[in-house]
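Novice: The lines below spell out each chain.
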Amino acid sequence: MNTLLRDLQYGIRMLRRAPSFAAVAVLTLGLGIGANTAIFTVINAVMLRALPVEHPEQLVTIGDPSRVSSWSNGTPRTDVFSFPLYREIRDHNQVFSSVLGSARIDNLQIAIDGGPEKATGRLVTGNYFETLGVKALIGRTFTGDEDRTPGSDPYLVISYGYWQRRFSGDPAVVGRNVRVKNFPFTIIGVAPPSFFGEVVGQRPDLWAPMMMEPQLEPGRDYLETPNTSTLLLIGRLKPGATIAQARENVNAVVKRALTETLAAKLSGDDRDAMQNGGIKLKVDVEPGAHGLSRLRAQFSGPLVLLMGMVALVLLVACVNVANLMLARSAARQREIAVRLAIGASPWRVARQLLTESILLAFFGGVVGLLIAGWGAAALVQLANRSGSAGSPLVLGIDWNVLGFTAGVCVLTGLLFGLAPALRFLRMNVAPVLKEGGRDSSGGAHKHRVGRLLIAAQVCLAVLVLMAAGLLVRSLKNLEDVDLGYSRDHLMLARVDVIASGYKRGAAALNVTHELLARFKALPGVRSATMSLNGLYSGTESSDMLKVEGFASGSNQDNISNDDEVGPDYFTTIGVPIVVGREINEQDYAAAAYVAVVNETFAKFYFGNRNPIGHKVYLVDSDHPNRPPFEIIGVAKDVRDHNVRDKAERRIYAPLSNGAFDMDVAPNFEIRAAGNPAALISEVRNAIREVDPNLVIDNMETADELVNDTLTSQVLVARLSSFFGLLVLALISVGLYGSMSYGVVGRTKEIGVRMALGASRFDVIWMVAREACIVLAVGIAIGIPVGIATSTAFKAMLFNVSKADPLSIVAAIATLVAISVAAAVIPARRATRVDPMEALRYE
Amino acid sequence: MPEPMISLRNVEKTYKTAAGVTYVLRRINLDIHEGDFLTIMGPSGAGKSTLLSILGMLDDNWTGEYFFIENAIQKLDRKHRADLNRKYIGFVFQSYHLLDNLTVYENLDVPLSYRDISRKQRASMVADILDRFQIVGKKDLYPNQLSGGQQQLVGVARAVVGNPKLILADEPTGNLHSSQAKEIMELFKRLNDAGTTIVQVTHSEANAAYGNRIIQLFDGWITGETRAGQAVATR
Ligand SMILES: Nc1ncnc2c1ncn2[C@@H]1O[C@H](COP(=O)(O)OP(=O)(O)OP(=O)(O)O)[C@@H](O)[C@H]1O
Ligand SMILES: [Mg+2]
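If you read the protein sequences in the order shown, they are chains F and D. What the first sequence shows, in our numbering, is residues 1 to 842, in sequence order. What the second sequence shows, in our numbering, is residues 1 to 235, in sequence order.
It is possible that part of the hints are untrue.
[As the list claims (entries may be wrong)] Here are some chain F residues pointing at chain D (derived, C-beta under 8 Å):
| no. | residue |
| --- | --- |
| 1 | Glu749 |
| 2 | Val752 |
| 3 | Met754 |
| 4 | Asp834 |
| 5 | Leu839 |
The set of hints was computed from the structure by calculation and includes no laboratory data. Think of the CB as a built atom: it goes at the ideal place given N, C-alpha and C, for glycine as much as any other residue.
Bound-form chain F, shown alone:
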């Protein structure tokens, strides 16, 4: 302990004596460690940190924890749950002391002391806070009684952040009456500061009892139907119960519920499918300490990739510092030699050197933490393109992050300190002392190690740059991909007519048509149409069909995606009709049962035959007399919900027939003559003129919508380019430093050579050649390794091969250009003096 203290004191003194060395090293390490800590902070928040609740390790998630905002209509699901199915699990399981359910609330508007304002919130079961073990900071939370009677408990618990932000932390907020979606509620409590909910990546302003769903989602009463699945569940295991038991028990309960208890409420087709096994009833039950998160599913891959990248960045930084240390250790040879000569054990000397390295690394770590705090926030900003108020993610530096950073510091310190320390362990003392500091044998060794380090660094840089190149190219390809329709000049608006109070069926359909007519009449609008699923709307529907002339026993083969579209849908969004014609006004006027299918659909069911004129039946035993649809056209495939994936088969029918789903909000596709963004306010006014109470879900240009789906791709592309630049900067600083150092050490040699007739070019080439060899070795190793490692992020690549020549050439070219510049500048400087001066240099 005593010696450690002495080592530390001495280390600090050494660093203070070489302040510029220390500054460069600390800054370099700070950048490397900072980048790592920044990424780790986000990883920690998204993937590692437990929910801020009581005993998070007892929690389990039931269903797919990434579907935090799902809203599914139709056949009961087992990845998200209907309220009746939740109730079955809650009441009939044997493994949980308590099970909570939660669901999204759309278009939440709250009136506190004036007009309505936007807020975010979740619908939660009455036992929500109790299950999580979260107590109110002030007031109270829900008691559990709120699960009894629909509409009877208009209470809200608000988050600490919202309380501070909107109510300035006024304790009188408890008991305050507000209106949410125009329904009176009372605030009963404030959640504690650390509690952000059960969804990582969301920070709701308020929580409302599930039983208030009919008031908060008017027209979509789902408390009693097993067909609307929108709840995710978290259970708290009873003492002694295991995950495996929970999995078995939950699956058994769900199976019994869907085949027996709730069977009477199901449609005939669903009931049959449940009972004969046509639908698999499998429920995922997993450890739930980390809560629910869509973010986690979306960003885990990219974050791990970025973590790998910054690890490489740190290695590059380490090499820089190692080279600096090597250079400096040459200057310290005499000191060390004297220490060894007066009896210090080599191990003791090595330890002293390592202590100094780790000390440096820790200073780097402190700088790194500062950089990381800022960097992590910037990263989240970059990922959070929806631009909702405040960061959706609670970052924060906790023990995980501090531990990580400390670990990284020790590791980096050892890493870059090892080369110089080892060098001294092998040092031959006598010649150093005798020759006045010239160590002729160690010189070559030092050069070799230095060069090896730089080659390794170049290799690492190639990896980072190649990855960045591939990711940037993938993003470019994704942005340029032919979606099958023309997205410029296209604006999309979704109006939730059901939530606005229109009854399903005629009323909803009428107002939809009225809106469409208004849009078409707007100046600046070239054409307009509508659809249920539309483009990138986030809603999707599929149904079981019977296609005339197609026989297959498999259920899967008879299911197709579908959509209900307005007149002239295809011309408006710009999808060519390949065969036949599109659905037009006349079809609407005649209420015709016609359909357009996409190419994939046509090919799948008809092969090379012409599908026109064939009939498609909707399988629906509850409406056995519905007439079939006659195929009147084949449209080109459209990447309508996902840029990456190929189109799936789809059939389009007129919206007026209400044949498929009529529960979702209709989407309007409006083609502008000019800039579509300029239309937004006019479209909004048009909607208000039809009915001021109409709820607008969403209004965006097609471009924005498509780009939103590329968020994680944009994130990795931007960050990897940034890290690529960082690596280039580090490498050029490192190379410049070690070349300068090398050139200074060779000043005399350069003088002799110039005196012997070497031209400036000869000298520059002599110095640069070494850099070129090192560069060539690094690159030669880097390319195959880079190609091999790109397999690790194949999923993030799009339309580029792992050995994409352009990415490789671009990476190599930048690297070579930067490195050669960094190597040549010191050499040029060396040749500027006359040989006489160089010869005198000692």
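Starting from the structure of chain F, add chain D with the ligands where the hints point.
Specialist: Showing chain D with the ligands alone in chain F's frame:
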């Protein structure tokens, strides 16, 4: 009388030090003709090495005029000076300046490698010079494996390997014993007889005797000149 090969007019060299400006060379006027074998003598610190460096175009910081085979050196930049050095001059350094990480053979090859000579021809030239200096057995050794005298021998060999028109030798025998010194001097004499111009710095009267001219340098001034058989005072 033909144009001199080298002509110095009022060449001066100063150093700025903390103490002020020190003059190292004062108003040097000197003509050297092709075929001359000139010896520069003078006490330590007189400026002999400095003058030799200027002649060898290794030093750029001086004033005055220097004509070298019809080139006004004072008007040339570093590159052109280096070109002339490479083309005409072989230099023996007072402190040898062998390259530490190259073998004897490689050291001898260095000046040739900067000239436009084929690899094969270079090999034969180096072999020839190793032979002439009787250091074939040392060709694979590194400088720090040689004695001081041997290093000096290599330094001389390196200066003559390229058959320069002008040899500038700064105390080429300082570390050699007398028989070795004699050999070097005789080599110089043979080269001189064959037409090579030689300028040497030495403290040894015996060495000076090989030449046809001696100039005396004192405190940066040329204080006297002796031609073979006569003495001329210039100041
Ligand atoms: N960098 C320098 N700064 C200041 N003065 C210098 C410098 N280099 C050399 N001198 C001075 O220039 C003078 C001439 O030096 P020079 O090496 O030419 O002497 P020399 O005649 O060759 O002596 P020696 O016989 O000892 O080799 C000396 O007095 C020396 O102190
Ligand atoms: Mg001298």
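Novice: Enumerate the violated hints, using their earlier numbering and listing them in ascending order.
Specialist: Result: no hint breaks.
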